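Please build the complete structure, drawing on both the sequences and the hints.
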Amino acid sequence: MISFVLKSAPFDAPNMESQACGAFATFEGRVRNEHGGKAVLALEYEAHPELAQAEAHKLLTEACARFGLMDAAAIHRTGRLELGETAIWVGVLAPHRREAFDALIWIMDEFKQRVPIWKKEHYADGSAGWVGIDDAPSAKEKQA
Amino acid sequence: MKQVTVQYFASLREQRGLSEEAINTEAATVADLYRDLQLRLDPVHLRCAIDGDIGALSREFKDGAVIVLIPPVAGG
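Sequence order for the protein chains is A and B. Residues in the first sequence are numbered from 0 upward in steps of one, following numbering that gives the first Met the number 0. Residues in the second sequence are numbered from 0 upward in steps of one, following numbering that gives the first Met the number 0.
Everything labelled a hint here was simulated from the structure, so no lab data went into it. All values derive from a computational prediction rather than experimental measurement. Ideal Cβ placement from N, Cα and C applies to all residues, glycine included. Among the hints, a few may not be true.
Computed footprint of chain B on chain A, listed as stretches where at least three residues anywhere in the stretch have a Cβ under 8 Å from a Cβ of chain B [claimed, not checked]: (1) 35 to 47; (2) 50 to 60; (3) 125 to 134.
Quick list of in silico lysine to aspartate or glutamate cross-link-like pairs, DMTMM-like style, CA-CA up to 20 Å [what the hints assert, rightly or not]: (4) K111/A with D52/B; (5) K119/A with D133/A; (6) K119/A with D41/B.
Here's what the structure looks like:
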């Protein structure tokens, strides 16, 4: 059952199974301690719940059709995350491993472009910035 | 005059100081409405949702619409 959920606290990775599927593949995106040459202390994620739900569900449905998956699911955090915490979990079930691995890559690439979720990074130097917004080209030009 | 609900996220929310407000406007398109708000983010980077339908700012909207301004996303 295609599923996308936003969670405001750390979560356990779910299981997915089907007797028709020999492959269960998952990906976790975690908070890294560096971005663009700056040391990162923590992140915050903010989502539009209805738009994120609709777009993520659409994306997972497309993935199932495109890769012949039996099922696809994802969980994304909101709120503050410390280093090493899981920001996104994606799981897919497929008959075989090739399409399962390919689907995870595609889902992550699409998710990062399409789903209305925003990320604010807090840096060790005390500054903070919205990724893709505060570092967008015109913002830099205006600061110059 | 149209009355619409505008929802703000990320840096737009911080600039506006609100996550949502009711606005009375004569603007024809979301681009016009955004220009009137005088926020700092270059609109070339923005998309919007009108009643849940995501697309370009150049679209028109009706009285009663719920408009979400969508700055560049960074989930995943």
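So, going through the hints one by one against the coordinates:
Counting residues of the stretch 35 to 47 of chain A whose C-beta lies closer than 8 Å to any C-beta of chain B gives 4; at least three are required, and the coverage claim holds. Residues of the stretch 50 to 60 of chain A lying with their CB closer than 8 Å to a CB of chain B number 4, which satisfies the three-residue condition for coverage. Requiring three or more residues with a Cβ within less than 8 Å of a Cβ of chain B, the coverage given for the stretch 125 to 134 of chain A holds, as 5 such residues are present. With a C-alpha separation of about 19 Å, the suggested pairing of K111/A with D52/B holds against the 20 Å cut-off.
Our distance criterion of 20 Å between C-alpha atoms is met by K119/A and D133/A, whose separation comes to about 9 Å. Our distance criterion of 20 Å between C-alpha atoms is met by K119/A and D41/B, whose separation comes to about 18 Å.
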